[in-house]
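Visitor: Start from the sequences and build out the full structure, keeping to the hints where you can.
With the numbering used here, letter number 270 in the sequence shown gets 967, and the count goes up by one each step, no holes.
Simulated from the structure, these hints should not be mistaken for laboratory data. It cannot be assumed that every hint is accurate.
Claimed, not checked - Simulated restraints on C-beta separations:
| hint | residue 1 | residue 2 | range |
| --- | --- | --- | --- |
| 1 | Ser766 | Thr852 | 54 to 60 Å |
| 2 | Gly914 | Leu821 | 51 to 57 Å |
| 3 | Pro968 | Arg884 | 28 to 34 Å |
| 4 | Asn862 | Arg912 | 50 to 56 Å |
| 5 | Arg884 | Leu791 | 39 to 45 Å |
Idealized CB from N, CA, C, for every residue including glycine.
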Amino acid sequence: MKPLFAHNPSLNTRLLLALIASIVLFFIDTRMNYFVPIRSVLSTVVYPIQTMAALPKDISDWVANYFQSQRQLKEKNTELEATNLLNSVRLQRLKALERENIRLRKLLGSSFRLRERVLVAELLTIDLDPSYQQVVIDKGQRYDVFVGQPVLDATGVMGQVTEVNPFSSRVVLLTDPSHAIPVQVNRNGLRSIATGWGLGESLQLENLPHNADVRIGDSLVTSGLGGRFPVGYPVGTVVSVNFPQGKAFAEIGVKPAAQLSTSREVLLVLPAKMVEISKKSPDTDTETETEAEAER
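Guide: Take a look at the structure:
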């Protein structure tokens, strides 16, 4: 008859036997390398299981790194775009300031050549309707602007003031059909009247007979007759000379010297008897006044 409960080795005994077996196996493995092939086979068998176990973490890390890289690239791209836009704006501003500096230098050079006291003004609006060619400038009564005051740019006569308001003035251009200016041919002193056509940037000389000594390329300047425009201001260049049959006078086309469609700053010529504008004007930053002695 078997006992109801089998008598098994105690737990301590089994632990001791396992410890002795481990020491023996460790000694055999380190000294004799009997288990190297077995360990290699087991590693090969277990490797796919290890890989599959690590796969979720690897995928998670890859996805996290991907989205982090995408976010960083997007942030960097946004930063670079903002920097590029800012640099582009600064570059355009520098170019605009450079062009403005060149224009102002030309204006100052023009005032020295003309030996006149001038006031610098800036264009506000332009009306180049063929029948009504006028501009508005940012100087008015508080700068002692007056009706009939000559207006120039860096290259020649633009027109004259026709209306004065407290903070602005209206200027009629040379090319307006209602405008006429006494001129003379710089080459021989021949006098005439240049009037506007109202068709683009062009003038015509009035009342010159067919035998008038006028040639293509002749420079025209103000003659000083009429007392409004001082003598010697550049007006334009003759670009066409025609002698139509049946007409008493020649048809002579003139291209204005002033850059009517591109100039932004203009010069208002001041009479010599006017007191210094800088003492009367509340704004000295936008005003340039000079009595040029042409000592160059």
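Visitor: Could you run down the list of hints and mark each one as holding or not?
Guide: Tested hints:
no. : hint                         : result
1   : Ser766 to Thr852: 54 to 60 Å : 59 Å, holds
2   : Gly914 to Leu821: 51 to 57 Å : 35 Å, violated
3   : Pro968 to Arg884: 28 to 34 Å : 29 Å, holds
4   : Asn862 to Arg912: 50 to 56 Å : 43 Å, violated
5   : Arg884 to Leu791: 39 to 45 Å : 43 Å, holds
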